[in-house]
Amino acid sequence: MSDPSLLALTLAEARDGLARKSFSARELTAAYNDAVSEIEPLNAYITPTPERALEMAGAADRRLAKGNALPLDGIPIAVKDLYCTKGVLTTAASHILDRFCPPYESTVTEKLWHSGAVMLGKTNLDEFAMGSSSTTSFYGPVESPWRRPGDNRPLVPGGSSGGSAAAVAARAAVAATGTDTGGSIRQPASYCGIVGLKPTYGRCSRWGVVAFASSLDHPGPMTRTVRDAAIMLHAMAGHDPRDSTSAPLPVPDFEAALTGDIRGLRVGIPKEYRAEGMSAEIEAIWQQGANWLQGAGADPVEISLPMTKYALPTYYIIAPAEASSNLARYDGVRFGLRVEGDSLDEMYELTRAAGFGPEVRRRILVGTYVLSAGYYDDYYLKAQRVRSLIARDFAAAFERVDCILAPTAPSAAFAIGENSDDPIAMYLNDVFTVPSSLAGLPAISVPAGLSRDGLPVGLQIIGRAFDEETVLRIAYVLESAAQFRQVPSFVAGDRR
Amino acid sequence: MIEGATGPWEAVIGLEVHAQVVSKAKLFSGAATDFGAEPNSQVSLVDAAFPGMLPVINRFCVELAVKTGLGLEAEIRLESVFDRKNYFYPDLPPGYQISQYQQPVVGRGKLTLDMSDGTVREIGITRVHLEQDAGKSLHDQHPSLSYVDLNRAGIALMEIVSEPDLRSAEEAGLYLRKLRSILRYLGTCDGNMEEGSLRCDCNVSMRRPGEPYGTRCEIKNLNSVRYVMQAIEYEGRRQIEILEKGGAIEQQTRLFDVARGITRSMRSKEEAHDYRYFPDPDLLPLVLDPGWVARLRAELPELPDAKKARFVSQYGLSPDDAGVLVAEKETALFFERVATGRDPKAAAHWIMGDLFGALNRFGIGIEASPVSAEQLGALIDLIADGTLSSRLAKDVFAEMVATRAHPASIVEAKGLRQVTDQGEIAAAIDAVLAANSDKFAEYRAGRDKLYGFFVGQIMRATAGKANPALVNRLLKEKLAQ
Numbered sequence: 001m002s003d004p005s006l007l008a009l010t011l012a013e014a015r016d017g018l019a020r021k022s023f024s025a026r027e028l029t030a031a032y033n034d035a036v037s038e039i040e041p042l043n044a045y046i047t048p049t050p051e052r053a054l055e056m057a058g059a060a061d062r063r064l065a066k067g068n069a070l071p072l073d074g075i076p077i078a079v080k081d082l083y084c085t086k087g088v089l090t091t092a093a094s095h096i097l098d099r100f101c102p103p104y105e106s107t108v109t110e111k112l113w114h115s116g117a118v119m120l121g122k123t124n125l126d127e128f129a130m131g132s133s134s135t136t137s138f139y140g141p142v143e144s145p146w147r148r149p150g151d152n153r154p155l156v157p158g159g160s161s162g163g164s165a166a167a168v169a170a171r172a173a174v175a176a177t178g179t180d181t182g183g184s185i186r187q188p189a190s191y192c193g194i195v196g197l198k199p200t201y202g203r204c205s206r207w208g209v210v211a212f213a214s215s216l217d218h219p220g221p222m223t224r225t226v227r228d229a230a231i232m233l234h235a236m237a238g239h240d241p242r243d244s245t246s247a248p249l250p251v252p253d254f255e256a257a258l259t260g261d262i263r264g265l266r267v268g269i270p271k272e273y274r275a276e277g278m279s280a281e282i283e284a285i286w287q288q289g290a291n292w293l294q295g296a297g298a299d300p301v302e303i304s305l306p307m308t309k310y311a312l313p314t315y316y317i318i319a320p321a322e323a324s325s326n327l328a329r330y331d332g333v334r335f336g337l338r339v340e341g342d343s344l345d346e347m348y349e350l351t352r353a354a355g356f357g358p359e360v361r362r363r364i365l366v367g368t369y370v371l372s373a374g375y376y377d378d379y380y381l382k383a384q385r386v387r388s389l390i391a392r393d394f395a396a397a398f399e400r401v402d403c404i405l406a407p408t409a410p411s412a413a414f415a416i417g418e419n420s421d422d423p424i425a426m427y428l429n430d431v432f433t434v435p436s437s438l439a440g441l442p443a444i445s446v447p448a449g450l451s452r453d454g455l456p457v458g459l460q461i462i463g464r465a466f467d468e469e470t471v472l473r474i475a476y477v478l479e480s481a482a483q484f485r486q487v488p489s490f491v492a493g494d495r496r
Numbered sequence: 497m498i499e500g501a502t503g504p505w506e507a508v509i510g511l512e513v514h515a516q517v518v519s520k521a522k523l524f525s526g527a528a529t530d531f532g533a534e535p536n537s538q539v540s541l542v543d544a545a546f547p548g549m550l551p552v553i554n555r556f557c558v559e560l561a562v563k564t565g566l567g568l569e570a571e572i573r574l575e576s577v578f579d580r581k582n583y584f585y586p587d588l589p590p591g592y593q594i595s596q597y598q599q600p601v602v603g604r605g606k607l608t609l610d611m612s613d614g615t616v617r618e619i620g621i622t623r624v625h626l627e628q629d630a631g632k633s634l635h636d637q638h639p640s641l642s643y644v645d646l647n648r649a650g651i652a653l654m655e656i657v658s659e660p661d662l663r664s665a666e667e668a669g670l671y672l673r674k675l676r677s678i679l680r681y682l683g684t685c686d687g688n689m690e691e692g693s694l695r696c697d698c699n700v701s702m703r704r705p706g707e708p709y710g711t712r713c714e715i716k717n718l719n720s721v722r723y724v725m726q727a728i729e730y731e732g733r734r735q736i737e738i739l740e741k742g743g744a745i746e747q748q749t750r751l752f753d754v755a756r757g758i759t760r761s762m763r764s765k766e767e768a769h770d771y772r773y774f775p776d777p778d779l780l781p782l783v784l785d786p787g788w789v790a791r792l793r794a795e796l797p798e799l800p801d802a803k804k805a806r807f808v809s810q811y812g813l814s815p816d817d818a819g820v821l822v823a824e825k826e827t828a829l830f831f832e833r834v835a836t837g838r839d840p841k842a843a844a845h846w847i848m849g850d851l852f853g854a855l856n857r858f859g860i861g862i863e864a865s866p867v868s869a870e871q872l873g874a875l876i877d878l879i880a881d882g883t884l885s886s887r888l889a890k891d892v893f894a895e896m897v898a899t900r901a902h903p904a905s906i907v908e909a910k911g912l913r914q915v916t917d918q919g920e921i922a923a924a925i926d927a928v929l930a931a932n933s934d935k936f937a938e939y940r941a942g943r944d945k946l947y948g949f950f951v952g953q954i955m956r957a958t959a960g961k962a963n964p965a966l967v968n969r970l971l972k973e974k975l976a977q
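So the protein lines, in turn, are chains W and A. According to the numbering used here, the residues represented by the first sequence are 1 to 496, in order. According to the numbering used here, the residues represented by the second sequence are 497 to 977, in order.
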């Protein structure tokens, strides 16, 4: 029987324990393999890979024994099932990728394996990462490990990286990869009480990550602590000549940025975010966050991001437009699902009708519409102009401040089934995350407190492009001040 | 101008030429581009549009497109954008073609046509952009299934678009030949139409002279100069027939039926695709360094028009001859090798006469010529120094073609050396006049025409080796006595 006490360790603690030989990578991995089985009811994993995990752990142990350990040697992590993994089923939570096993490994996961990390399996998500609840998966919805006290209704973990968030929160992965297109790392991190970091666009390669919206897709880490996020990002980041949008910049030592000293840094508080239908309890936690940072020596400064109210409609034009084109390759011709028909067009129609769920179909339709002759100028082109203005807002703000503090999401987690018949209500979840997505800026969500009904609420720190170091430095202080210690009602190892 | 039943019509023609970039790798992937490879043997995961695969621009292809632009005296646009052209087809794996729509890498340029009447016509180039080729669908391999070969998918093409400045099938043919010549000079496209390296879409409309443009039809995917000219001829007549009956031309995309020599409708304007172009978010705008463009400009080879002008001024050739010699880079090179240090007109004469004749007979290009430039030069030298008469030289040349031997060794082996000994020739003249005393008498009586007869007899008597100039001089002296 594996040792469940190992599951409580953060990535940094596990790394140090392995280095001290307090336990082996195989012991750690065995504990996590059991944890993955134990949290099966959450449906967080689509494909667990326990044998591969043990093999990788064995290799890590051999390196640890020889004293030439890699930075993440023996650390068991989960991979969002949007990353292509060589020889391992990769689904994007869609039926259209039925039985698709890529003959290649995504750049980011390859970097992680080259750093010694161990793959526990592939985590569930909204189909093609389209959603804020992880309920649109062909493989069924993900459940949050959290419950409202005294209320047994299952809650959503947020989305789209809900499987990764649930796995990390429920102690069934030390850390996980996610992807963030409009908030898909940060919002589930907020809902599940963990840390989620969306790096700058171009910091982590998109090569081998199933595309949703190319100009918005950001691979990034999901972890239990800010330090863990810094360690993971270091392993995931770096220039990739196979991705033309990858930035040819060196990767800083992010962990070294966690000095605890934020004295004199100016923290922007965007006044427009208050107007976006924010509840009093979220506003209170936001104010608390500002007070904490001020207490640590930073200067809160009110700033204006006047284009904020246009961010959501802009996002919901650009992202579907790119998606409608990116998803054209799923045509039944070369891989994945094919439903035969009497003609080529019928084969296309039957395959795509059977392969895509309603949310994906909705976005393909919207995207096709906004790119159509006669509508392109009014929708897509206008949205691109607004996107530039949003980026300009941030650029202007960052002339006055070093980072921006904002809530991650307008509320805590909702119950599975809530919002599901109203796509617009669902889209509103992204209101605080999409502006920085559109601008490609680094942003991290850190657990800051509990809502009135006992659910985690995160705050996000948004920084200048390629200044993840400042973002992490401030997030680390926020985390220390918040002292968020609550654990979900369901964590692996608890009942053993 | 085409004469219809109700008066003259003028054709308005614009061409879109798809020229395959001479590159060993595809435009956005590292896969190979060899012609005639096994189906689907040159396909990368990018070309097959597997999930998560991303395009990366091939710098060399950009370089060749820029060179092409410079060769067409066109504006090089330092920032251009790749767009996605969206449509579904099994030989288009991603469901979109990466192309350049609103911001091509090359803007306005021009190309000069040398018309048969000696005038020149300037044809506007609208733009040149880079785009990917699609794969090939094979419908004849199985009774009920279609096969797809992705070897071509992703190969770099330059689309070279002309203004609607062409006015006849003949001009369209001249334009294509001239464009192909420039591309070959630049080394940016091999211009091989049989292998599909150069394909052409023709936009054709008809109008009364001086009137605005009429409705056009586009004829797709023509792969020879001859087909382009035939298709335009047919399409022009078809449109005139409709217009003269009072009908209207429907804007259509048409195909040329090679076997029947006609065009037929493929799809109407209503059925036209909405390609939903938008900038490809996987690619950053293409930004060129002005210094790099300037270096490419400086390294540009001498192009046909400049070479022609130089051949006229430097070698004293006629514009027509110079035009023929510069059409192919290899011919121009061959000519200059022969002409250097020799009579350029003789060099041009031999290349365009006997050599072209031989090459045509064999159906080969000058690069495969059985006679090298050095050998042809040696032959001309043998004429110049009096060793060979022009007549003898023709025989020697035929022998050179047949045996690939050097002219000097042919002259030696066959004893073809010209007779320049005056005594020997005078003796031959005496013998001929003696043997034909009757004709000699007639000549003296005024039948001048017999002069040629005597020359012929003397050449025959000397087995063709007598120096013709000496024969003429000595014969005239003898006859005048």
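Hints are supplied without guarantee of correctness; some may be wrong.
To be verified - Quick look at which bits of chain W chain A covers, simulated, 3 or more residues with Cβ under 8 Å: (1) 100-111; (2) 243-254; (3) 265-275; (4) 317-325; (5) 372-381.
Worth flagging that the hints you see were computed from the coordinates, not collected in a lab. Ideal Cβ positions, reconstructed from N, Cα and C, are used throughout, including at glycine.
For each hint, the structure was consulted:
1. Coverage of a stretch by a chain is defined here by at least three residues with a beta carbon nearer than 8 Å to that chain's beta carbons; for the segment 100-111 of chain W and chain A the count is 5, and the condition holds.
2. A stretch counts as covered by a chain when three or more of its residues have a beta carbon under 8 Å from one of that chain; for the segment 243-254 of chain W and chain A the count is 3, and the coverage holds.
3. Residues of the segment 265-275 of chain W with a Cβ under 8 Å from some Cβ of chain A number 0, which does not satisfy the need for three, so the listed coverage is violated.
4. Given a C-beta distance limit of less than 8 Å, the hint that chain A covers the segment 317-325 of chain W holds, as 4 residues qualify and 3 suffice.
5. Beta-carbon proximity to chain A at under 8 Å applies to 4 residues in the segment 372-381 of chain W; the threshold of 3 is reached and the given coverage holds.
The structure is inconsistent with hint 3 alone, although it conforms to all the rest.
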